[in-house]
Structures are given as structure tokens and as C-alpha cells.
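Participant: Quick note, the sequences are listed as chains A and B, same order.
Yeah, the first sequence ends on 415 if you go by my numbering, and it's all consecutive.
Yeah, the second sequence ends on 645 if you go by my numbering, and it's all consecutive.
Because the hints were derived from the structure by calculation, they are not lab data.
Some hints could be false.
Heads up, simulated EDC-like pairs for lysine to aspartate or glutamate below, C-alpha to C-alpha not over 16 Å straight-line [what the hints assert, rightly or not]:
hint, chain 1, residue 1, chain 2, residue 2
1, B, K446, B, E538
2, B, K635, B, E621
3, B, K429, A, D46
4, B, K564, B, E574
5, B, K446, B, D546
6, A, K42, B, E447
Quick caveat, the model's predicted, so the values are computed rather than measured.
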Amino acid sequence: MPDPLFAHGVDLAVFVIVLVKVLVAFGALLVSVLLMIWFERKVISDMQNRIGPNRAGPFGLLQTLADGTKLFFKEDLLPERADRVVFRLAPFLSLLPAFLIFTVVPVGGVVTIAHHVIELQVADPPIGILLVLALSSVAVYGTMLAGWSSGSKYPLLGAVRASAQMISYEAAMGLTVVTVVLEAHSLSTRTIVQSQAVHFWQWNWLRLGIVPFVLFFIASTAELNRPPFDLAEGESELGGGFHTEYSSIRFALFFMAEFMNTVTMSAVVVTLFFGGPDGPGFHFLRWLWPIAWFLGKTIAFCYIQVWIRASLPRMRYDQLMNVGWKVLIPLSLAWLLVVAGVIQSAAWGFAIIGGCLLAWALLGQSVRIARLRREALVEGDAALGAEDDVRGGVAPRGTGITSLRPVPGGGKVGG
Amino acid sequence: MGYFGELRFFGGFKQTLTQVLEPRVTTEYPKEKRPKPPRLHGRHVLNRYEDGMEKCIGCELCAAVCPADCIYVRGADNPEDAPVSPGERFGFVYEINYLRCIHCDMCVEACPTEAITETKMFEFSFTSRADAIYTKAELVVDDDGRPQKLPWEDWREGEDRFTSGWMRATSPSGAAAYEGEVQWSGELGYGVRAPEGGQSGKRDDEATGNISIREVARNKIPVRFGGRVR
């Protein structure tokens with residue numbers, strides 16, 4: 001459904017309305033970043049028996065402003081071996097997508113001012129959710145180019161990690177979004193929200209069976225480089241990761257991007273799986289209730305993000321890859337097939353569930369056999385080595401699975 | 416373990432959530448100040464005997480042992496008509512540079528006459544390097560046996576009473592047999608100080624200025640850890 005604002009052509013009033021929407025969204029996002037950083041610090045200090053920022057402003061609300069001012073007045077260093085243009089561009093590349101993603105998120109219902117029907121979102125393109133996916137992958141360019149252009153090894157390592165992580169989790173994220181799109185029959189975010197309207201059991205997280213929501217939430221956390229997936233930063237091993245060489249306001253921009261991404265991704269999760277601005281309202285101020293619902297849900301998800309950060313340690317790199325490739329992608333793929341089958345007909349649904357379970361069982365069995373075979377080989381090598389030791393000779397040790405020796409006994413391998 | 420082992424993943428989430436209800440451990444320092452432990456190492460004083468004679472004999476052992484090289488001492492012969500210390504020599508010059516001092520208390524351990532001890536006062540912020548060097552004029556206790564209070568020093572209530580806790584805290588060589596035995600001389604204004612109660616249980620906390628930090632912090636410790644907070 002095209003944006004009703006442009007139904008009668010673009011005149012001055014429409015232009016002004018769009019401008020106001022853009023400016024309001026821009027301002028609101030900037031303020032939300034200030035509040036999000038404060039919120040994160042306060043909640044985490046709550047969870048660690050601390051007080052948190054409480055000096056600047058009431059309840060320390062202006063702490064972020066103070067930090068930003070401090071960073072702004074610090075020296076902006078440019079490393080000697082940095083690629084100057086890219087180095088300066090990178091912070092903006094990671095900040096811009098965070099802004100742009102928010103433009104397609106429906107914040108509220110529809111308001112009519114002077115015969116103009118205004119949707120409470122900056123833009124409602126027919127490819128809304130595709131834009132979200134595309135922009136969230138553009139965001140990694142910021143991280144990657146920052147690390148690459150620094151001309152230093154730790155940032156480069158951080159950049160490599162970030163891009164590999166992004167590729168791994170992007171697929172799972174896209175596949176879970178497809179389930180939502182299948183259910184809503186549309187890529188437009190507003191249509192997706194409208195398809196979940198009226199009753200809370202029609203919200204996608206329940207309607208699609210919780211799994212896509214959980215997968216999307218995990219994948220989006222990884223996509224944002226938020227703990228426990230913040231390997232690109234890795235303070236303990238990479239000394240700050242991709243932004244090691246950044247200082248002053250450019251450093252602040254990265255942090256702004258990170259926290260703005262947290263807010264926008266929470267908003268996207270709410271849009272896709274929790275009905276967006278949908279919820280019971282009352283008669284007075286009808287257009288305000290959806291906004292309140294949207295804000296409440298988004299804040300709840302911001303809290304969950306912070307809670308995750310406070311609770312989980314950073315993952316090891318191989319664990320990250322295992323979760324991405326061996327759990328999230330197969331599971332999201334299987335769930336997508338099941339959802340597609342169930343939408344087609346119940347029979348198709350059961351058939352696909354059966355097929356997925358069968359494939360899972362076969363795969364599991366083959367992995368089990370491979371493991372047993374390897375163990376048997378290693379044991380066989382050890383036994384042969386011991387015999388050689390008794391005879392006083394030096395045994396050429398095999399390397400486990402690549403050994404070409406026959407398996408002694410052979411009985412353990414039969415699967 | 417087994418299937419329920421996976422659920423332990425959520426234990427961390429429960430832990431962080433329940434921590435929100437726990438009392439805060441933070442002390443908002445300039446606004447509220449925690450009581451200091453009895454043997455805290457603060458600014459030094461040079462003590463005097465009960466008759467007003469200085470205890471320092473200018474032996475320079477404190478300067479020799481100081482790992483930060485912050486003490487400068489010159490001894491001199493006592494003037495025969497007006498001796499400063501009982502004995503042959505006295506500390507003619509005594510300077511401590513507080514920009515270097517690490518408050519390790521080794522000077523106190525080295526001193527053969529208990530002349531130098533440390534008070535519990537550590538909040539002193541001078542604004543010039545000259546102020547950082549305390550000379551004998553500032554270090555020697557006044558005629559009441561109290562430490563001199565300089566304008567930039569923040570003395571708390573009652574802190575000038577317990578200026579040499581360390582000396583009475585331990586028995587010689589840590590031997591339990593000497594616990595509670597007085598091995599030290601009297602001080603101007605205080606007389607012979609009471610020994611600190613050690614393992615014997617015969618303790619006079621009022622006289623020695625001993626406090627239990629745990630007792631003081633009880634209002635911030637949850638009940639299940641032995642405090643008062645429910």
C-alpha cells in the first residue's frame with residue numbers, strides 16, 4: 001500500500017510535513033541515544049550493586065552530554081599509516097544506517113491533519129524490511145573500513161572478525177525475516193504491523209511459534225556487535241578492536257552508532273514480532289496510545305539487551321561461528337520451511353516437519369559415526385605406539401583422523 | 416547436566432536480576448565518609464616523651480630504611496644547657512616529602528625510640544611543592560601531645576587521639592606470650608598507652624581506638640552475609 005500522504009501529489013504542505021517528520025525522528029533518535037547510554041549504565045550498575053552516574057544533572061541524566069562534550073574537545077588524532085579518506089568516512093558509515101533503519105519503523109498509527117493522512121513513520125517504502133536488512137549490512141562497512149583504514153593490526157583483526165560475524169548472522173536474520181514476510185504477505189513494515197493488529201495472540205512471535213523471534217533477536221544482537229557478540233571490540237584481547245585508533249568525536253560517533261543501533265534494532269524487533277504500536281487503547285487521545293505502546297515495548301527490549309550484556313560473558317570466536325552456522329542457520333531454514341508448509345496446508349506442514357526431523361536425525365547419526373571413527377583411530381594409534389615403546393623402537397605417531405592405519409579390532413566402528 | 420544442564424544458561428540472568436534488589440556498596444565519598452581502620456597509615460607525627468622531650472635521637476634509621484627516599488634527617492649533639500632529647504643527640508633536621516612517601520610504615524618499624532608514628536589522617540591536599548615537604552616544625556606534636564593541624568589537612572573528629580596505633584598493635588616478634596605486655600614508653604599528653612587486645616580477648620577498644628569495620632558496615636551488608644539489611 002503506497003503512502004497515503006502522496007496520494008494527491010506533492011505540494012508545499014506535503015513537503016513541510018515530510019520535513020517535520022524527518023526532523024522529529026532525527027531529534028528523537030539523538031535524544032534516545034543520550035537516554036539509552038544513561039539507561040544502560042544505570043541498569044548495569046543496578047545489577048552490579050553500584051550507583052552509576054549520578055553527578056551530571058538529575059539522576060545523572062546529562063552524563064552522556066558531559067562525556068560527549070569532553071570527547072568533542074579532545075584532539076582528533078589521525079594515525080600516520082591510516083588511509084585518510086576512509087578513516088574519516090568510516091564513523092559516518094556506521095552512524096548513518098542506524099538513522100536510516102529507524103525511518104521505516106512505524107511509531108504509531110495514522111493522524112489526519114488538514115485532509116492530509118499522515119502515517120507516523122518517516123517513510124513507508126514498499127520494500128521496508130528489505131531496506132532494514134540492507135542497511136544493517138551497510139553498517140558493517142563502517143566497522144570494517146574503520147579497522148582496515150587504521151593501518152594497525154588490532155583494528156584490522158577486529159574488522160576481520162566483524163565482517164565474518166556479520167556474514168554468519170546475516171543469513172539467519174534474513175531467513176527469520178522471511179517467515180514474517182510469508183505471514184504478512186508484504187515487505188512493507190506498516191503492512192507487517194497491521195497484519196498483527198487487534199489481538200496480542202496475533203503478534204508474530206506467538207503466531208510464528210517463538211523460534212523465529214528468538215533466532216532474530218540473537219542474530220540481531222550479533223549483527224549489532226553487542227555483548228556477548230562484541231568480538232569486533234574485544235577490549236581484553238584486541239585493545240578496543242576496530243576503534244582502537246580513533247579518538248575525539250569520531251570515537252564518540254562509533255559509540256553513538258552502537259547505542260542508536262541498539263534502540264533501532266529493539267524497534268525493529270517490536271515491529272516484526274510484537275505488533276509494533278499495537279495494543280489496547282482508550283478513547284481519549286487515540287493517536288497517543290499506539291506511540292506509548294511502541295515506546296514501552298521498545299524500552300522493554302532495550303532493557304533485555306542491557307540485561308544480556310550484564311549477564312553473559314563474551315563468546316569465544318569458534319563458539320560464535322558454531323552458534324551461527326550450526327545452530328541458527330539450519331534452525332531458521334527449517335523453521336522457514338515449516339512455516340511455508342503450514343501456510344500452504346496442514347498436510348504440507350506435517351510433511352515438512354517430518355522431513356526436517358528426518359534430516360536432523362540422519363545428520364546427527366553421521367556426525368556421531370564420524371566421531372566414533374576418529375576416537376577409534378586415535379585409540380588404535382595409542383595402542384600401536386605403546387607396543388613400539390615396549391620393543392624400544394620409536395613409533396611414527398599418526399595424527400588421529402588422517403592416519404591410514406587399519407583400525408585394530410574394528411568392532412567399534414560399525415554404525 | 417543432561418537436558419537440564421542447558422537451563423543453567425539462565426542462571427546468570429537470574430543472578431543479575433536479583434542483584435538489583437541488593438543494597439548498594441558504593442560510599443559517596445565526599446558526602447559520606449567511611450570510618451577508618453585503626454591501623455591506617457596516614458600522615459606522620461614526631462612524638463615526645465611525657466616530660467616534653469623529643470623522642471627522636473637523629474639516628475637516621477628511618478631515612479635509611481625508607482624505600483621511597485622521602486625522609487631527610489640530620490642529627491646533632493644536644494646543647495648541654497637546653498637538651499632537646501634525653502641522650503646524646505637529637506634530630507636537628509627532619510623532613511618528609513609527601514610527594515614521595517608511600518605510607519609503608521617502614522620508618523615506624525625501624526625507629527628504635529617510637530619517635531615517628533603515623534596518624535590516621537590521609538586527606539591532605541597541598542597546592543605547592545613546598546607545602547608537600549613537612550619539616551620538623553610541622554611534624555612534632557604540640558605541647559598537648561596532639562598533632563599539629565595544617566590548614567589543608569582534613570582531620571576528622573577524634574582522629575588526633577590515636578596517632579600511634581601500630582606500635583601497640585603487635586607483640587614483639589608476634590609472640591603470643593608478649594601479648595598485652597607494655598613494651599613502649601609514655602607519650603606527651605597520653606601517658607603510657609594501653610595495649611591493643613589481640614587474640615586474648617582482653618581488649619579495651621575505647622582506650623586503643625579499635626573499631627570493627629564489619630560492625631560499622633553492618634547496615635550495608637545483607638542478613639544472609641551477617642549484616643542487617645533485609
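Participant: So, for every hint listed, does it hold in this structure?
Facilitator: Hints and how they fare:
1. For a cut-off of 16 Å, the pair hint linking K446 of chain B to E538 of chain B stands: about 14 Å separates their Cα positions.
2. In summary, the hint linking K635 of chain B to E621 of chain B is not supported, as the alpha carbons are separated by about 24 Å, beyond the 16 Å threshold.
3. Note on K429 of chain B and D46 of chain A: the hinted pairing holds, with a Cα-Cα distance of about 14 Å set against a maximum of 16 Å.
4. With a C-alpha separation of about 11 Å, the suggested pair K564 of chain B and E574 of chain B falls inside the 16 Å cut-off, and the hint holds.
5. Distance restraint check for K446 of chain B and D546 of chain B: the Cα-Cα separation of roughly 26 Å exceeds the 16 Å cut-off, and the hinted pair is therefore not satisfied.
6. Taken as a hint, the K42 of chain A and E447 of chain B pair is broken in the structure, with Cα atoms around 21 Å apart against an allowance of 16 Å.
The structure shown violates the earlier hints numbered 2, 5 and 6.
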